[in-house]
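Enquirer: Taking the hints into account, I'd like the entire structure generated from these sequences.
First to last, the protein sequences are chains A and B.
This note's numbering applies: residue 394 is where the first sequence begins, and numbers increase by one.
This note's numbering applies: residue 122 is where the second sequence begins, and numbers increase by one.
For the record, the hints were derived by calculation from the structure and aren't laboratory data.
Please read these numbers as outputs of a predicted model, since none were measured by experiment.
Glycine residues also receive a C-beta, built at the ideal position from the N, C-alpha and C atoms.
There are no misleading hints in this set.
Mimicking DSSO-like on lysine-lysine, the simulated pairs with C-alpha atoms at most 30 angstroms apart in a straight line are: (1) B:K287 - B:K298; (2) B:K287 - B:K362; (3) B:K362 - B:K379; (4) A:K526 - B:K384; (5) B:K362 - B:K298; (6) B:K379 - A:K526.
Negatives, chain A to chain B, calculated, CB over 12 angstroms: (7) K402; (8) L405; (9) A411; (10) Y422; (11) G533; (12) F543; (13) I557; (14) Y561; (15) Y571; (16) V575; (17) Q597.
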Amino acid sequence: MLPQSLSLKLALALGVLALVLMPHFASAYYVELGSYALIAAMLALSLQLLVGATGIVSLGHAAFYGLAAYMVYFLTSEGAPRSIFLTLPVAMLASGVLALLVGALSLRTRGFFLLMVTLAFGQMVFFVFHDTKIGGGTDGAFLAKPVISFFDWQLPLTRRQRPIATYYVALFLLVAMYLFLVVVLRSLFGRVLEGIRVNEHRMQALGFDTYRYKLAAFTLAGMLAGVAGHMWAMHRGFVNPELVGWHRSAEALLMILLGGLGSLHGPILGALAFTGLGEAAQLITERKLLVEGAVVLLVVLALPQGLSGIRLPRFLGGRRDKGGSDHG
Amino acid sequence: MDVAGLLTQLLNGVQYGLLLFLIASGLTLIFGVMGIINLAHGSLLMIGAYVAYLVTRHFGTLWLALPVAIAAGALLGAILERGLFRYFYHRNHLDQVLLTFALILLFEEARSLIVGNDFYSVPVPQLFDFSIPITSGFSYSAYRFAVIAACLALALGLFLWIERTKLGAVIRAAAEKPEMVDILGIDARRVHLTVFAIGTVLALVAGVLAAPLYSVYPGMGDQFLIISFVVVVIGGLGSVKGAFWSALLIGLVDGLGKVYAPKVAGLVVYLLMAVVLLLWPSGLFGQQRR
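Expert: Right, here's the structure in full:
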């Protein structure tokens, strides 16, 4: 999961540098698109803790993402913007609590059963926002975007600077989330999760209460998805039930598959590629879903190890593929 | 709430539950034998409903839609199984999920290209276009009765097929111990093809039956798919019998929920699922396998 070689670490650092410099060269439109891609990357990265690290495939992850966005709406229902230092922790807490509840029930099952249960609970949350009036119903609702302020002090920003600030906040949070997950996966906790992915029975035989570890991972992943959902609200200033819908969960899974299951940077790569692809598709055709569907099909059929599975030819310094990975 | 209204909702619940069984049984049968969950199963129902709409629009009768749906279902099922699914039986869950998710997107786009994104209603066939008086002040739609009868007949047929025929015995064996079936020299490919085709036909037929009741609209597959998942989770993954009783239970709970708690009726089935998971994590009729 973790970056091992020096060249990969260097490449990641260069990637971050490119993302830091991007707003200085790109137009406002591409900064907005960049924010969107970074948020998608956070969602996919949070799900990777379950899928890639622990081997749990959940189809309800968007519920935690969407709930966080709705929490921002609930906090700013009077129309006055709140500080990000209030909205972010509250959104994460709400997503974490929901993930704890959903996880406690879903993790009693495994495999496809778990997949269906997480999907159903995710749809339950969707139903709450879709069919009741608490969050603006089907049409969604506008909200006051959180501001960067601390007590009476507020970061002075012009209208044009605000999307750029949001971009940098999203970038900062993505990098922070990545580094946090590196620490988590290096710890004993992370090793246990890896053990569960490879062979859960063996971990149980070693005396680990694997249910608790999985539940902790599920809750943590939910909270991190909450960070992504919060940033979506801050970026768009709008919430609707589609944020919670299971198509978004499936898209997050797709980003992971696109980027590669076996690495922590894979989902980020996958999310950026997926967003870019969606943008390119819109230039060619109005039928975005057709392109999306065809790409998913192609990736599943031809690139089971994702973009990171593509190896450079050896004379360019690429390493030989060691055969099948340990994901089953 | 008067008695007549309650009775209507109960009958509606039974009819809805039996329709769910047609979808859930295909899902659970395919899982039992092949170990794969087809997320596009709801899209198959949608295809059935659009077949019903197109056939009634062009030929003016729903009756023709049934044989068309059966033939189309068998063909589509065979193509999907031979062309795609069989390469995925031994892949990991994530690949299988995304394969079937891609199919949903493609089916929805194909639907949008061919018939557009509008809502359509499909008329009830003339033969059943009346109400059957049950008491003096209460009558019930003949078409809904016909749907109940058709679903029960299909359920009985499915039961006899699985329990009383040789192929059915193979299917039960394959769900229990697939490697034994291979060792015995039974052609697994034929079994897979048959099961997949039957599951597809059931979903399309469910779509045809549902078309006059719920009208025909984009994304209708998703709605039925998710509730069918709840049915399968409660009934136990891989168990057709479990799917039957749990589909009836969900149908009745949904019907009664609409009477007694109309505001949260949609939530009740999920709460039921949560309770079942707390008490019987592998479903009412399921054994913990795989």
